[in-house]
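Undergrad: Chain by chain, the residues:
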Amino acid sequence: MAEPFVHPYLPNSAPFVKAAMLAETGAESVEDFYADVPSELRVDGLLELPAALPAEQDLVAHVTGLLEGNRPVPAGRSFLGCGTYRHFVPAVVDEVINRSEFLTSYAGEPYEDHGKFQALFEYQSLMAELLNMDVVNVPTYDGYQAAATALSMAARMTGRRRIVVASDVHPDKISRVRDFVEPALELVVVATVNGTADLAAVIEQLDDDTAALWIETPSFFGALETSLPGLAEAAHRSGTVVVAGTDPIALGAIIPPADQGADIVCGDIQSLGLHQWFGGAHGGFIAVHDDPRFVMELPSRLFGLAATDVDGEYGFGDVAYERTSFAVREEGKEWVGTAAALWGVAAAVYLSLMGPAGMAEIGETILARTDYAIRSLTGIDGIDLVDTAPHFREFVVDLEGTGLSAEQVIERLRGAGIEPGVEIGTHRLLVCVTEQNTKSDIDLLAAQLGGLREEMGA
Amino acid sequence: MSLPIAPKPNLRRFHEARWDEPIIFELDAPGERGVLPSRAEADLAPIGETLPDGLRRTTAPALPEIGQMRVLKHFLRLSQETLGADMNVDVGQGTCTMKYSPKVNDALIRTTDLTDLHPLQDEASVQGILEIIWHTERMLATIAGMDRVSLQTSGGSAAIWTNISMIRAYHHAAGEGDRRDEVITTIFSHPSNAATAKAAGYRVITLYPDADGYPDLEAFKKALSPRTAALMITNPEDTGIYNRRIAEFVELAHSVGALAAYDQANANGILGITRAREAGFDACHFNLHKTFSTPHGGGGPGSGANGVSEKLAPFLPGPVVERDGDRFYLDGERPLSIGKVAPFYGAVPNIVRAYAWMRSLGAEGLREAAELAVLNNNYLMKRILEIPGASAPYATGRRRIEQVRYSWQDLYEETGITSEEIGVRASDFGVHYWTSHHPFVVPQPFTLEPTESYSKAELDEYADVLAHVATEARETPEVVRTAPHNQTVHHIHHDDLDDPERWAPSWRAYRRKYFADAGD
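Chain order of the listed sequences is W and A.
Using this note's numbering, you'd call the opening residue of the first sequence number 1 and step up by one each time.
Using this note's numbering, you'd call the opening residue of the second sequence number 1001 and step up by one each time.
Calculated directly from the structure, the hints in this document are not laboratory data.
Hints should not be assumed to be uniformly reliable.
If you only want the chain A side, here are some residues facing chain W, beta carbon under 7 angstroms, derived [what the hints assert, rightly or not]:
1) Ser1165
2) Arg1244
3) Pro1349
Computed list of chain W residues with no C-beta within reach of chain A, every gap over 12 angstroms [as the list claims (entries may be wrong)]:
4) Leu199
5) Ala201
6) Ser405
7) Thr426
8) Ala447
As the structure is a prediction and not an experimental result, all values here were calculated from the model.
Using N, Cα and C, we set each Cβ at its ideal position, and we do this for glycine too.
Only chain W is shown next, with the shape it has when bound in the complex (with noise of 0.2 angstroms):
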């Protein structure tokens, strides 16, 4: 006879579990349960998969084989950004965004998931410090969604349905918010001078039918808007929201959107205390003032403080649920549910311990930095910087004086080690810079492309 298929994960596959439970709800077998499903619907015998690997040791091998297929480049040598950053992350951030008890949570409600409520609670007040804003969602999908839902704010607030996107946004994101918004709204892009916004023609577009303003700062390509006072002005004299896609980490050295006008300031977390995860660890923030108006067009959850029966207790509960779509389904404003809480603990993780001194010095460090490869590379003959605005982390080079493409100079430095860039033009690459790459990193990017020059030049 057969071994009895016993399963770790499935306790009751136990022969004599399974009998007795069978017995108590008198059932001949598990196919009375199926009684309703028709035959022609059913699976005849077994799905076609890869063999199966119960024996922990056999999976472990199996899977550690092919993740062994993968060759991380070491921090130092990775220039990549382009919407994933690779920041470093405090051991504490990990050690408890692993507890079971986090991770293994979910829907549980402000009693048995007191703690879970605190935290979150605690992630939206420590960003509302940051981005100087009073009211911050539980984290959405990504940074993408969380412009894609500003954007519809702004249009569900006004009642109009243009927005004018006054800087370089990463193509993704675009095509993001345009599978979100279109064709409801439309997207009016006015060209960048220079890397920031052309402020006379943004100025041109703003009317009585713009429902957003959207800049982003830092841009696609790593450029600080300079002029965001007078585009907010601009914008709040035609009664347009200032929408203001961000990168938190850069907050504190940087001055934030909302002290500058922005309406809803957005971003994702990422950079706050994740790992790269292949692109895979996102989290959207979307902030705003403390202001019913904008408040109630935010279709996240929102935990708020609470009293209790017992003095000095905190309790906590969900601010506004009626505005969710787990409470009035499609009336609700967009759409709730499982997105990206447990990156918002460890963002809150990451805050608490960088404190205001630690967030000025990254950022601090950051810009240092990016400054000194900017003037590294640009040292090069040859190689250009395309525009003249400040930058934070990013900035692309022009290769093309070198006579050398972007694929070219990306496959000669991943010969030696490097990965220089991201390819965003024949002769265009975007460099980036983070607290990882330290002087002389970007010492050693820098004599590889000058020897690369030189080959060409020779």
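Using the hints provided, position chain A relative to the given structure of chain W.
TA: Relative to chain W, chain A alone:
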């Protein structure tokens, strides 16, 4: 001789951790540091020389300053005040119940071979992860019977959105986009079906159940028209009742030119039993964080898998992973694609976990998991229906698939105790309990789903807790009404949470509203 230690009582004497931990801002100790970031080399230009003045932050953010160990302790204490699936008999969140998320899968992913990969690094250096994504897509395609699968989304509702977005693009490509402006769903399908359809610009028509609990077929026929873009439906629905006429529903949708999308977020009861393909669906989705064991992280990241027929494959979000002999590569050149629905290629940690889970079980194990999920559910149903005051509306006497939406209506009429109050009291015994999505079509609802993960003894424990609370509702209702008694915190006052003048969605908002000395 009497026993030195008396036997344990029937119910667990639980008390959740209560650390009475302050809000993190109250731990502020000026000058302390939690972690020191790398500093710029001394000979680099200071930012005062490189950054325009107007761009500098001049007032530091009011983040707290706390030493490292105290930060760690704070969040570990909060974790102890959280009841993850690893701690409790987590069968109370029917429709979305958590199954066991194997620890080996967490161990497998915690390698720099995964954490430190950049999505745009040399394709030759990421072959391992591309191969896992490729195989995971194909295994899920086999399980759904669909032609292609995309793993790009990081949540179930995002996957539902992706289905309706592809359907919208399909109708546009066929020149019918403007005409087809309605979507039909059912009240016992997840609210995100209705909500995503609305967000995509559709008018939503919701079908209610007939007397037997099935979506009303006659109402469906009346709702169908040349304006119908899609049917978006779950089966089995939240009631756990399998709709025998599902193929007929799909056919009827097709007969007016509409497409049909199957919400299989929760396919716990039907893996290897029945598939979207045979019922005729054009699109379906799975939640890897529900059906394929990946942990829920307190509300994400999850991972959504969109399965489509050949008809919709050109519209899948991009890029997709392709295989050429031994080489795996990303293909972004797909003109009809709806484009990006998320950054890069999906929630990678969860994709690897789901792959490992499927590989551990294989085809026989997946079917066994489904059969046990259903056996567990029918066993638990028997135990629950033995409790006076509990009932399972619709399809009386019939079997259910993986979950049941029960009702305490009888108990409520007898005692005045509501389902919500029962849930709060149940937490005193270390279990999670949930009512239902809104609106409450089933009065005083609760929805249980045991999955395949919980042992018979654990299901008995859960049923015993509810039986005990039902008895309390009759005999000592004040104990139920004033619950919780064994929890981290006591009864919470929710009145302030809906009032903009008084709500406190952040510490700074709380300080500003209630403390005269606070403010900028």
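Undergrad: A separate judgement is required for each hint: does it hold in the structure or not?
TA: Against the structure, the hints come out as follows:
1. Contact between serine 1165/A and chain W, as hinted, is supported at the beta carbon level, the nearest pair being about 6 angstroms apart and thus within 7 angstroms.
2. Hint status for arginine 1244/A relative to chain W: holds, with the closest Cβ pair at about 5 angstroms, below 7 angstroms.
3. Proximity of proline 1349/A to chain W holds as hinted, the smallest CB-CB distance being about 6 angstroms (cut-off 7 angstroms).
4. With a cut of 12 angstroms on Cβ distances, leucine 199/W stays outside the contact zone with chain A, its closest approach being about 14 angstroms.
5. The Cβ of alanine 201/W sits about 21 angstroms from the closest Cβ of chain A, beyond the 12 angstroms cut-off, so the non-interface label holds.
6. The Cβ of serine 405/W lies farther than 12 angstroms from every Cβ of chain A, with a closest approach of about 16 angstroms, so its non-interface assignment holds.
7. No Cβ of chain A approaches the Cβ of threonine 426/W within 12 angstroms, the least distance being about 17 angstroms, so the stated non-interface status holds.
8. Every CB of chain A lies more than 12 angstroms from the CB of alanine 447/W, the least distance being 16 angstroms, so the non-interface label holds.
Against the hints set out earlier in the document, no violation occurs for any number.
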